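So the sequence lines, in the order shown, correspond to chains A and B. Counting from 1 along the first sequence, just add 2 to a position and that's the residue number in the numbering used here. Counting from 1 along the second sequence, just add 327 to a position and that's the residue number in the numbering used here.
It should be emphasised that the hints constitute simulated quantities derived from the structure, not laboratory data. Among these hints, one or two may not hold up.
Unchecked claim - Label pairs and their computed distance ranges (CB to CB): (1) A/Thr190 x B/Tyr855: 15 to 23 angstroms; (2) A/Trp58 x B/Leu591: 29 to 37 angstroms; (3) B/Ser757 x A/Tyr170: 36 to 44 angstroms.
Unchecked claim - Which residues of chain B face chain A? A few of them, derived with a C-beta cut under 7 angstroms, are: (4) Cys600; (5) Met646; (6) Pro650.
Bear in mind the structure is a predicted one, so any value in this text is a computation, not a measurement. We put the beta carbon where it would ideally sit given N, CA and C, even for glycine.
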Amino acid sequence: MGIFFEQLLNGLTIGSFYALVALGYSMVYGVMKLINFAHGDLFAFGSYVGYTILVWGSGRITQIFGIWGGMAVTLLITFIAVAMAGILVEKAAYRPVYPAGRLPLVVSALGMSIFIQNGIMAVWGPRFQAYPSEVVPSAAFDFFGIHITLLKVFILFFSFFLMAVIYYVVEKTTFGAAVRAAALDRETATMLGIDIRKVIFFVFALGPALGGMAGVMNGMYYRSIQFNMGWNYGLKAFTATILGGIGNIPGAMIGGLLLGIMESLFAGYFPGGGAWKDGFIFIVLILVLIWRPTGLIGEKIAEKV
Amino acid sequence: MDLTHIFQQRIHNSQVSNDSHKPQRSPIIQKWFSGLIVLLFLLLPFFPFMNDYWIDVAFFVGIYALLGLSLNIVLGEVGLFDLGHTAFYAIGAYTTAILNTQFNIPILLLLPLSAIMAGAFAYLVMSPVIHLRGDYLCIVTIGIGEIVRIIIVNNPWGLTNGPNGITGIGVPQIGPLMILSSTHFYYLIWGLIALAIIALIRLQRSRIGRAWNYIREDAIAAELNGIDVRSYKLLAFVLGAAIAGITGNVYASKMMIISPDSFLFMESALLFCIVLLGGLGSVPGTLFGAAVIVVFPEIFRQFASFRLLFFGAALMVMMIFRPGGILPRRRGHVGLEGLGIRNLPQPDEILVQNGQNRVQNLRASLPKITNPDSSAILETKRITLHFGGLTAVNLFDLHVKPKKITSLIGPNGAGKTTLFNIITGIYRPSQGQVFFQNKEITGLKPHQIVQKGIARTFQNIRLFPNMTCLENVMSGPHCHARTNYWSAILRTPTQYQEEKTIVEISSHRLHQVGLWEYRNELARNLPYGKQRYLEIARALATSPQLLILDEPSSGLNDKESEDLMELLQSLISEGFTILLIEHDMNVVMGVSDWIAVMDMGSKIAEGVPADIYNHPVVIEAYLGKEEE
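Working from the sequences, and respecting the hints, build out all of it.
Here it is, written out as structure tokens:
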């Protein structure tokens, strides 16, 4: 039973990374109807920004603010940096292509993904980089025989806090209503006086920034990062988005968490599961889509004729 | 309307630029030009600057070109997002590698086998998910690509040798000739490309290719005009996969070693880019796109680690400046030659005449309805449909008498269109049955119902906007045609006869509704009223017994409404039966033989027009109850 809960906890932790990245995917998809393939690479970018801040002056930030304070500062700076990167990506690669329709946008997004990935490689090099151990909190406690690190607790709490904030903003505020309206029908929303540029600015700043922070936490959790890590997370997050129902904010969160839990339970219990887990995830996804073509929480929309 | 649909339209609007009708070079120059290009390809290895290295580059351009062409069937012709095409390529390559190294089966024999394996695999994995729309299908294809790669990496039963891959794959042998050198492989791959292009172009210019395009333009409208959308989507996947499988075979024998690293997601993404860079659906564009993708990194080889950075940027810049691709597909010719059907009789008007004769012969051969008054051609029994807690249609009985006009009227939201959707097979009723010519049709798929003889139009017009008016109408006879893709590729005489029949019947129907002069105009360029007529022509072209029209007069002015009434009357005298939803009371009262009134999903009255006109219940439904 102890192993089960440990796996569950691991799954929740990974799942909260997926969920945070998926949130951004879903928000961008909602407004742009774009599969933002560069989203996963912005996550990797965030991870590298965090890494750079933490290793700066051999851990100066940690020395000044303490281990938890340093982490907070790092997350904050990463948030800002990745938000700006997200806005830049939208301005450079998506806005000029948007009028041409969906397929060119997909190619542009793929191009952006390749660009960011190789940009990271050009700056930080192709090899693994390690988050230094002295900047990552290592405190841990045992709870009914389950070994729990404080970092894990922090990641879970912070991720859930972020998700709650996003949920509140999107579902309960006026501006959130504008975002949802833009997602439902961009043209009508524009005609009703919603400033679509603000909405786009919002989703392209916040979405990648959330992913970027997940990237920092991911770096702390696994300790090692690589330039092409974004692709895998991007794909998982996209899968989570679809699993939950694309464009659906709570769906993305639940999809992400579910994905993480399934993945780590499968890897833990299935012999040789580690190597097959990605395949397993996709099979689950396909089965879910056969059963519910618009995702778990996606509304069952009858085609209008 | 779902968003995918709107956006797909938007793509085409932007892609099919206004010069899509611009005539290309004259046929003779065109022939010379094509000949010159073929000659260039044949002589390429002998040019002085070509060494083995560049011949190999040309070979890899060929590999990507063939893969691009295969993806183009799915993505360009049918408009399905396939980002996992590499899976099929991998299946072909591994089929070849495993069977060749373990059982010594000659490579050349494995060429068709690779195609079959890849095609069969595509059929198996795509059939359960082919109904998914847009991005849901996209993620599934990505997933399939990843699953195949993960399986290969995990080395099941020691077949694939895991991440190390399979080595020692043999080379193909044609008679005494071993295909070994770079030049040989160059000719092999480009020879295959030539065959693929011929097959692809012939498919494009047949009912198969048109069906694919109808689906791309509007899948629902296609299904409701008798096109088996599911099968045609699957066919596209299977054909695309088979060609990718063939490519895998050639690739494996050229490399002599294959490993999972050659089949990453990035490959699928590159193929996607090739098709888009070249121009959707365009054969020369795909070749060009492949050349760009392969040669670009070669040229920038000296920049080593920066070349992919450039490449990513180049993709974005390309999409900003040429979103439609480098060589977007154009209609080759103005006029009916654009259909690509050879030897159509000249002038075009003969087609109309021939079509009319055909339709009359067909009509004469049909069994006569002996007692038109007693029997109903269409009958619904206690049809009920719930949407969640809402009962949209409630125990509805409808009788449609043959060769008469029956109207279904009622206030907005009464459930009229829903009832039509049940009759035409879009919705399955929660309860009740639909009978057509005394046979139950409940639960049949829309295209099967069209085949049985029910055609319809839509309340909000659903044409195939980027196809010509004649092509739109040509979707009608499709459901009665029988020749398959093989006869289209081989251009059999039966296939030609069938194509000619399709054109003739469609020409006649287009002429009948007075749109003959617009035959080569794109449907989206027609004014609203004419689009309605085009829909009617398209429905008529399915040679239906029963024509269902959903608010045909909406958006028409008085004059046009009168013309419509005339057309309806003439259709009745031609022998059609008409079922009508209509709000324009002049039209309803003017043409109907029988009227059924629907409110809140139930039938509240029916009778001849004069009775309905003064029926208190009907007036109440429309205007509300009078205050006492």
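> For the hint on B/Cys600, does the least C-beta distance to chain A fall short of 7 angstroms?
Replying inline: Where the cut-off is 7 angstroms and the nearest Cβ of chain A is about 5 angstroms from B/Cys600, the hint holds.
> Taking the beta carbons of A/Thr190 and B/Tyr855, is their distance inside 15 to 23 angstroms?
Replying inline: holds, 21 angstroms
> Under the criterion of a CB-CB separation shorter than 7 angstroms, is B/Pro650 in contact with chain A as hinted?
Replying inline: Holds: closest Cβ of chain A sits about 3 angstroms from B/Pro650, inside 7 angstroms.
> If you check the beta carbons of A/Trp58 and B/Leu591, does the distance land in 29 to 37 angstroms?
Replying inline: Taking Cβ atoms as reference, A/Trp58 and B/Leu591 lie about 34 angstroms apart, which means the hint holds.
> Are B/Ser757 and A/Tyr170 spaced within 36 to 44 angstroms by their CB atoms?
Replying inline: At roughly 39 angstroms between Cβ atoms, A/Tyr170 and B/Ser757 fall inside 36 to 44 angstroms, so the hint holds.
> Against chain A, with CB atoms and a cut of 7 angstroms, does the hint on B/Met646 hold up?
Replying inline: holds, 4 angstroms
Taken one by one, the earlier hints all hold for this structure without exception.
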